[in-house]
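Using the hints provided, position chain C relative to the given structure of chain A.
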Amino acid sequence: MGIMKNNEDNKLQDDLIKDLFRKSESLPNRSLKEQIMLNIETSESSVMEYEPVISKKVLWIIGAAFTSLIAYLLLWFKDSSGKSYLDVQWPSIDITFSGDWFSKLNTAFEGIHLEMPELPFTALAAILAIMVMGFSFIISYRMRAFQ
Amino acid sequence: MHQTEDTYLIEQILAGNTRAFGDLVDQYQVRVYNFVLNILRNEEDAHEVVQDTFLKVYKSLNTFRGESKLSTWMLRIAYFACMTRLRKVKPVLVDIENHSSSFEGNNVHDQAELGDMRSVLAQALEGLTEDEKGIVTLYYYNDQSIKEICEIMGLKDSNVKIILHRSRKKMSEVLRKVGITEWVS
Chain A
1 MGIMKNNEDN KLQDDLIKDL FRKSESLPNR SLKEQIMLNI ETSESSVMEY EPVISKKVLW
61 IIGAAFTSLI AYLLLWFKDS SGKSYLDVQW PSIDITFSGD WFSKLNTAFE GIHLEMPELP
121 FTALAAILAI MVMGFSFIIS YRMRAFQ
Chain C
1 MHQTEDTYLI EQILAGNTRA FGDLVDQYQV RVYNFVLNIL RNEEDAHEVV QDTFLKVYKS
61 LNTFRGESKL STWMLRIAYF ACMTRLRKVK PVLVDIENHS SSFEGNNVHD QAELGDMRSV
121 LAQALEGLTE DEKGIVTLYY YNDQSIKEIC EIMGLKDSNV KIILHRSRKK MSEVLRKVGI
181 TEWVS
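Chains A and C supply the protein sequences, listed in that same order.
Residue numbering for the first sequence follows this note's numbering, beginning at 1 and increasing consecutively.
Residue numbering for the second sequence follows this note's numbering, beginning at 1 and increasing consecutively.
There are no misleading hints in this set.
Just the calculated beta-carbon pair ranges, DEER-fashion:
#	chain 1	residue 1	chain 2	residue 2	range
1	C	M83	A	S45	24 to 34 Å
2	A	K18	C	T7	27 to 37 Å
3	A	A126	C	M83	52 to 62 Å
4	A	S68	C	G66	49 to 59 Å
5	A	F135	C	E48	41 to 51 Å
6	A	E8	C	Q12	43 to 53 Å
7	C	T84	A	I127	47 to 57 Å
No more than 25 Å apart at the CA atoms, straight line, and that leaves these computed lysine-lysine pairs for BS3-like:
#	chain 1	residue 1	chain 2	residue 2
8	C	K170	A	K23
9	A	K18	C	K156
10	A	K11	A	K23
11	C	K69	A	K18
12	C	K170	C	K147
13	A	K33	A	K23
14	A	K33	C	K69
15	A	K33	C	K56
16	C	K169	A	K11
17	C	K59	A	K33
18	C	K170	C	K156
19	C	K170	A	K18
20	C	K170	A	K11
21	C	K169	A	K18
22	A	K18	C	K177
23	A	K11	C	K161
24	C	K161	A	K18
25	A	K23	C	K169
26	C	K147	A	K18
27	C	K177	A	K23
28	C	K177	A	K11
Hints are computed from structural coordinates only; laboratory data are not their basis.
We treat Cβ as the ideally placed atom computed from N, Cα and C, and that holds for glycine.
With the rest of the complex left out, here is chain A (with noise of 0.2 Å):
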């Protein structure tokens, strides 16, 4: 008796609470819906889209020159007193399976020397401009992805 006593109080205190908040709903402003969707537009219109600041063409060119600048410096380039960067002397490897390999791959390698002959100025000038250029490329896309 007292359970049922129990549930119809807590029936009729449910239908006052739910009958309390019905009866007080507000309603937002008639902007609320102009607002969401201004909100939406603009969202969708400020959606940012990736756009280098050296399109991918330029990129390939910078690339091709630096690429053929390296190997004309490493392969052809002679200084006024006829040295290179690589004065190979191709070295005759010893393909047998005796002996000391340690000694064998010494012997292979120690043909190949590096120098560092004069570079002109003009060489330098193309070097150090490239890679301002590729600083300037990085430090530009690393502050677009911060904003």
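Okay, now just chain C, sitting in the frame of chain A:
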């Protein structure tokens, strides 16, 4: 709203139909607004949180898997937006029971009665914590089941039942104090 209608609206929105999202806002804005308002007890904050909620709903609708009702999913987003707001700013309570919305009629009696109701609700909610306010609103106003409330608030079934029981008791006490034992309407 039927779940099939919700599904249709979601499909339309995901296909890029923004007007369908407008329909979704029409369907749910009042329920979401009242839920948020009852927790925050501040109209201005409630409007901002509802805007944030719908923006988030729009942006993450593609992640809605349909395992729960759309309303449950939206109320969960709204609840977390409320909690974020409460953590960020100290709530400034305003006299919302005397607020008259631009939607409502001009009938003086209606407005007075509405003001009384809101005043009673404000008093009844005053002694509740944010979680309690959220749970009673979800249960009594948004018609969410205990299971759905658990999903929305990330609480255990038993916890929700305890909080609901405690809140009901507190609210009933306030109603008894102001002399309301039943509605005359």
